[in-house]
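**Student:** Given next are the chains, with one letter for each unit.
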Amino acid sequence: MRVAELRPLPRVRPGSVVPIVAILAVLVVLLAIRQPDFLSPPSLMSFLGRSAPIILLAAGQYFVVVSGEFDLSVGSLVTAQVVVAARLIDSEPSRTWPVVVLLLAFGAIVGLVNGIVTTRLGVPSFITTLGMFLILVGAVYLWSDGAPKGGLSEAFRRFGRRAFEDVPGLGRVPYALLVLLAAAGLAVLLTRSDFGRTLVAVGGNPRTAELSGVRVWRAKTIAFVLSGLAAALAAILLGGYSGVSFQAGAGLEFGAITAVVLGGVALGGGRGSVSGAMLGALTLETLFALMNFYGVSGALKSTVQGAIILLAVAVSSMRSSSR
Amino acid sequence: TDEPTATPSSTASQAAGSGTGEQSKFFVQADYDNELALLDATPTGPAGKPWEQVLNPKMVETAKFKKSGPYKVCFSNAGLNNPWRQVGFKTMQAEVATHRSQIKEFVHVDAEGKDQKQIADINDLLGKGCHALIVSPNTTATLTPAVEAACQKGLPVIVFDRGVDTTCPVTFINPIGGYGFGHVAAEFVSQKMKPGGKVLALRILPGVDVLETRWSAAKVAFDKAGVDVVGVEFTDGDPAKTKKIVGDYIQRYGTIDGVWMDAGAVAVAAVEAFLDAGKPVPPINGEDQLDFLKLWKEKKLTAIAPTYPTYQWRTPIIAALKVLGGEQVSSPWKLPQPTITEDNLDGYVDADMPPLHYAMCGCTDLPGYPQRWK
Amino acid sequence: MSGVLTLPARRASSGVFLALALTLAIGWLVVTVDGGQLFSLPTTVSLLHVAAGLGLVAVGQTLVIIGGSLDLSVAYVVSLSTLVAAETMNGDDGALVPAIGLALAVSVAIGLVNGLLVTKARINAFIATVGVGLLLKGYLDNGYDGPAGKTAPALVQGLGYQRVGPVPVSFLLLLAVAAAAWFALARTRFGHHLIAVGGDPEVARLSGVRNHRVLVTAHMLCSLCAGVAGIYLASRLGSGAPRVGTEGLYDLESIAAVVLGGTALAGGRGGVAGTVGGVLLLASIDAIFNQLEVDAFFKQVIRGLIIIAAVAIYARRARRKAAA
Amino acid sequence: MSDDPPSPLLTLRGIGKSFLGVRVLEGVDLDVRPGEVHAVVGENGAGKSTLMNVVSGVYAPDEGTVALAGTLRTFRGPRDAQRAGIGIVHQEFNLLPERTVAENVYLGHEPVRRGLVDRRAMLSRTAAFLDSVGESALPPDALVGQLRVAQQQVVEIVKALALDARLLIMDEPTAALADHEVEQLYALVRRLQGQGIGMLYVSHRLKEVFDLSSRITVLKDGSRVTTLDTAETSADELVRHMVGRELSSYYPDRARPEEVGSVRLTVRNGGCRKLRGIDLSLRAGEVLGIGGLHGSGRSALARALFGVSPFTTGEVTLDGVPVRLRSPRAAMRAGIAYVTEDRKGEGIVAGQSVLDNALLASRAVLPGWTARGARAMRVRELLAAVDVRAAGEDQEIRFLSGGNQQKVVLARWLALAPRILLFDEPTRGIDVGAKSAIHDLVRELARDGAAVLMVSSELPELLGMSDRIAVMRDGRIAGELPAGATEQDVVALAVGAAPEAAA
Ligand SMILES: Nc1ncnc2c1ncn2[C@@H]1O[C@H](COP(=O)(O)OP(=O)(O)OP(=O)(O)O)[C@@H](O)[C@H]1O
Ligand SMILES: Nc1ncnc2c1ncn2[C@@H]1O[C@H](COP(=O)(O)OP(=O)(O)OP(=O)(O)O)[C@@H](O)[C@H]1O
Ligand SMILES: [Mg+2]
Ligand SMILES: [Mg+2]
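Taken in order, these protein sequences are the chains called A, B, C and D.
Counting from 1, one number per residue, gives the positions in the first sequence under my numbering.
Counting from 1001, one number per residue, gives the positions in the second sequence under my numbering.
Counting from 2001, one number per residue, gives the positions in the third sequence under my numbering.
Counting from 3001, one number per residue, gives the positions in the fourth sequence under my numbering.
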């Protein structure tokens, strides 16, 4: 291939992580000014730990979004998982691991169904997962007729709640953080793999992908399964962090999608990086903490949040504009 | 506004910079005073059956509704979208089951927390030949027209839990109400915590009248006690969000000396936030949900649990039968509203009921206990 | 040389009315067996009222979706509109017109913001409207701790409870709005351009369509419809309600209705008639389950299934057409 | 400026344009007189389309001026240009498949009566235009998505006509047209000339350039090399200006008998929606050309063989073994490759890098973490071999010119070292230089033992490249011609004038 004379590439490409990093940096600085000890290792660690679930969801959502689809079912999936876990474990430590495995399987299956229905039956994923959302919420309420039953064992809650205490230098390292790091590593690796690149192609132009031997339906379905698995992990950590409730997963789907977009991933597919998506989620969490520390009144929170999100996305879409 | 006919007044006590913000337009001094009075009133009625008791009864004639049974009783329900209403409705169903001889049919329509659906539901029920209509309104103001329409149909309407802005229902049943709840909790927190300490107020979500009245009463108490309320945060009843908020507040202020909340949903999460942060749990209030009561007992917390008893779901059925039988009933029908304290805590903790069950269900004597509630 | 072509029907909406007919037929049967009455006057009226509320929002939603956009802020616009209307009227028939005017103006303004964010700021519609929704949520949460204002009695009697036989005035209003929207799509330049922008923005632009102007207009019309829905709800509820929109799930439900109506989420394809069908379908499901006193959660499961199934069937027919 | 030649309709002076710091046009001067056809030629990526887009208001020039009939113009967008009377047939289709022909033709300037779109007028006028280009059979209310590529091309042209423009730009209008359809276009162009309409005509087909234009401007790497009077120049000179070197106008030698190997692929009585009774065999080492009119089923045949819309009847054998090619993937596993005719829609992933595009197929069918390095190397070599011009292997492919995109697609397939290659219009929209490169490449592949099936609408290419030619008509193989057949033979079979010679 002839590299025609030195043609510099655009600085900020669509889908680059530069903008989100900048935004995150700004928020962190603001936070540090208001609350210097926020950056102290222990507090930072706990912050990252408690942010793990939404970051995981964002990572999962990335795969679905980059392949050109939506997953609106993750929030309800998390709720369902937490409630199911509580009822199955019923405060019985010995059942912890079996249930963990079961939850992962459950997540994968929901993802699989989302994927199959979307790809094989040709239902737009927005609808598929919206329907799944209704089904899951309805089913779990039905199953536990209206109020969560049983309870989570300490052993189960450990994952999302406890940490390796007094680690030299860091103070404490939440288990959740380790889970997150592991999952994030895998996710990044995956996006570099053939599957990862192919998935982007699928999102970019399914016809081309199909004609190049890609099993588009399979790729997308796997993406949904990944999202389901991520939701399962998130549910385990979230249930651990804060216990059983029907609110456990409320609104997380929007959180995840917002995060993904903040991270520079294009809704509609074909563009973006998983690290961007996860940074987007971290940014949202930082924003939330920021508002707590600046004492933004409860009711006004959402206004501020909305304003900042709009600003951030606008800025990044401006910066990465070609033509 | 739990009382019907109550018109908002601006006689709200000024929030003198104690962080509680200005008084809610839901605050009605008259209701406030009379609810606080009710707190120490002694109920009339069968002992040990608070759901049949009445505070300061004002009996009304119901002869004009007298009919011969068995009856078809219809119930337009605001929703079943939280554990409180779930427990309540199960209790109501059990109550119905005890009157199988008199109630031949019990129709229940769930408005799923949507005002306009409940309006449609009520209108729909009017065509079903009900002998009596029980309404648990989703929102006071907005359901008023529909309830009035129902009254005009001439069948006895019984409203409970939240009220409506009209006197046309035969009676309005509910416990003492939001002011009582908020006041008791706020009093407790401000008395138990170290003077001049910092209080964090956790609220579920704005705009739910019952919750608003609780908060407006708490404001009065805190302002009176000159407590420093450092934050008023909405949790959406989400424990995760709650833990994050409380955690951040602890970090921001070094310590929080008291926690007030307008509903028990996230009490446990709030307590955990302190435990996880390695801080002592300050004086706190919850509600009569078992997860909180268990934790309270286990961790020996300085806590209190004012209640909004779910046994009130039994009363409308009882009232309906009285009315259809032509017996007098009190209107309004104010039920006692017990408070759980250290002293009577053990009486309410029940290890083998689910965590989100409400101890104040008054359902232990009902058929199908405990299975039905598990 | 140009072989004869077989054109597939351009109406995907026919499907939804089939589904509707089936649902009603089966529903009627089941309800009757159950000893109830599906088409009793009160039930029908309730059904049409529920449909009117959602329908007004969904018709607006159809326009933006056909334009390849989306509006998730409608729920809050609805709530806000009820408040603006009710508070301005404050129970006084005299203030009726200005109040309605103001409510609609506010709504349209929000639509304008949405449109500008989507076009000028190039923010994806999903995020843009969720963001604007959050802004409004904050305002409502902060400013209102419950219902406020009082709707003018005239409006309550008229739009809220007046009927022509079994048909509420509000439903007639829906039909009128839907008809207007249909007309705009089929017979005006705006409509043609909107469909083009939804179908392929680049093609539209190269063909000399002012994409931004068209999309902004669509968003303003969408919010306008939401505003109208708000006024209707205010007339129903007798006052402004800060959470009626979100409680009603108008954002997602309206989108569901639109897609049920055979409009493509990708944009460029679909119509208002189908949307009305979709709304009626959802409302009928509600009514039927009400009659059967089915548990709300079970109902939700069924709803989810029906939505997916219905769309799956369209997709199937569409594919067959493509292959035929 | 009042010289003898009529004052120019369009005057470009010093036009410059860069994309994200990438210089694409530099100091281009050019003018078009009323009634003149001014051809613009140049290699892929020379900047032809960009220049046309500047004139038609799609891009704003960074430097230079555009004057229309003497008055300077700055277009804020395509709309302005259209209002000013400039119509353009874009290189890539700009049509809405979900809308009717009429709606597409009048998009952006729908006729209105009393504020409402006047559909009747729209339909009748469109019908009239279709008549004028000899497509009267094409119903104006047909959905464009239902039309064949060729028909869509016609709609595209009509769309430009409907603006009744003073200046008409055609960016490779014939890329999708077969010769006899080109004739119709010729007629149209001459008619428009008569009406004093000036035309900018971009094409890689020098024959057309010489047939139609009065002057030719040559672009190279974004700047104007020269402007020649068509009468006073020759193809060779033109090519020299374009590629800056002599080009053998000859096609590579055909396969010698001993090079043609055993039968690789046979189809017996193959049929599907668009095909009937297909019988053909493809040998290792040969190039089988597929001729025919548009819509005759050539692409359909290729797509059937590649499992896109498979044969529903008949039998296919590979090396004597019956096979079922149900999907592209299956076909690829069997060693078949397919270069589609619709590059934009099916050939590339616009948003991905050159490298990702080139790797797509390899990743799909021979994945594996370990093989990655080697695979990337191979693909890089291939990209070099086909001589792709880009800013770098991680430049997004949408920024490449049509021709360069096609080369990337070729590299993608060559990476699989396929044994059977199906080319559908492989050199559509590709410049002479690259074209002969691709011809050599195809022949080389055949030499290395690959069996090649090549659909082409360009008769010279078809005749020059093929060892055998199968001509299709109405979804059937009308007949087969040996190497050395003449254009007449092919056309005769294609239009059914000749008795069907049994294969
Ligand atoms: N939107 C764009 N952004 C960046 N670069 C572009 C863009 N459009 C074109 N280019 C670059 O400008 C150069 C000229 O492209 P152009 O399409 O004008 O070439 P062309 O002469 O039309 O080639 P072909 O004959 O293949 O159509 C190419 O190198 C291409 O990569
Ligand atoms: N009658 C038709 N209706 C709809 N689409 C058609 C029809 N004929 C052909 N097509 C489409 O146009 C493409 C080309 O058509 P086909 O293969 O039949 O003819 P062709 O000889 O390849 O002509 P072209 O040069 O236009 O491709 C095919 O991919 C097919 O999908
Ligand atoms: Mg070009
Ligand atoms: Mg073809």
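Treat the hints as calculated values from the structure; they're not laboratory data.
A quick note: this is a predicted structure, and the numbers were derived from the prediction, not measured.
Be aware that a few hints might be false.
Some chain B residues close to chain C (C-beta under 8 Å, calculated; not the full set) [claimed, not checked]:
1. Lys1025
2. Glu1105
3. Val1107
4. His1108
5. Gly1113
6. Asp1115
7. Ala1120
8. Asp1121
9. Leu1126
10. Gly1129
11. Thr1144
12. Pro1145
13. Ile1318
14. Leu1321
15. Thr1364
16. Gly1368
Backbone N, C-alpha and C define an ideal beta-carbon position, used for all residues, glycine too.
**Student:** State for each hint whether it applies.
**Tutor:** Now for the hints, and whether the structure bears them out:
1. At its closest, the beta carbon of lysine 1025 (chain B) sits 7 Å from a beta carbon of chain C; the interface hint therefore holds under the 8 Å criterion.
2. The beta carbon of glutamate 1105 (chain B) is not positioned within 8 Å of any beta carbon in chain C (closest approach about 10 Å), and the interface hint is therefore violated.
3. Hint status for valine 1107 (chain B) relative to chain C: holds, with the closest Cβ pair at about 7 Å, below 8 Å.
4. For histidine 1108 (chain B), the shortest C-beta to C-beta distance to chain C is roughly 6 Å, which falls under 8 Å, so the interface hint holds.
5. A cut of 8 Å between beta carbons decides the hint on glycine 1113 (chain B): the least distance to chain C is about 5 Å, and the hint holds.
6. For aspartate 1115 (chain B), the shortest C-beta to C-beta distance to chain C is roughly 5 Å, which falls under 8 Å, so the interface hint holds.
7. The closest approach between the C-beta of alanine 1120 (chain B) and any C-beta of chain C is roughly 4 Å, which is under the 8 Å cut-off, so the hint is satisfied.
8. Against a cut-off of 8 Å between C-beta atoms, the interface hint on aspartate 1121 (chain B) holds, since the closest Cβ of chain C lies about 7 Å away.
9. Checking leucine 1126 (chain B) against chain C by beta carbon gives a least distance of about 6 Å; that is within 8 Å, so the hint holds.
10. Residue-level restraint check for glycine 1129 (chain B) is violated (minimum Cβ-Cβ distance to chain C is 11 Å; threshold 8 Å).
11. Contact between threonine 1144 (chain B) and chain C, as hinted, is supported at the beta carbon level, the nearest pair being about 6 Å apart and thus within 8 Å.
12. Annotation: interface hint on proline 1145 (chain B) holds; nearest CB of chain C at approximately 5 Å, less than 8 Å.
13. Of the supplied interface hints, the one on isoleucine 1318 (chain B) is violated, with its beta-carbon coming no nearer than about 22 Å to a beta-carbon of chain C, more than 8 Å.
14. Among the interface hints, the one on leucine 1321 (chain B) is violated; its C-beta lies about 21 Å from the nearest C-beta in chain C, farther than the 8 Å criterion.
15. For the restraint placing threonine 1364 (chain B) at the interface with chain C, the shortest Cβ-Cβ distance is roughly 25 Å, beyond the 8 Å limit, so the hint is violated.
16. A distance limit of 8 Å between C-beta atoms decides the matter here; for glycine 1368 (chain B) the minimum to chain C is near 17 Å, and the interface restraint is violated.
The structure does not agree with the numbered hints 2, 10, 13, 14, 15 and 16 stated previously, though it agrees with the rest.
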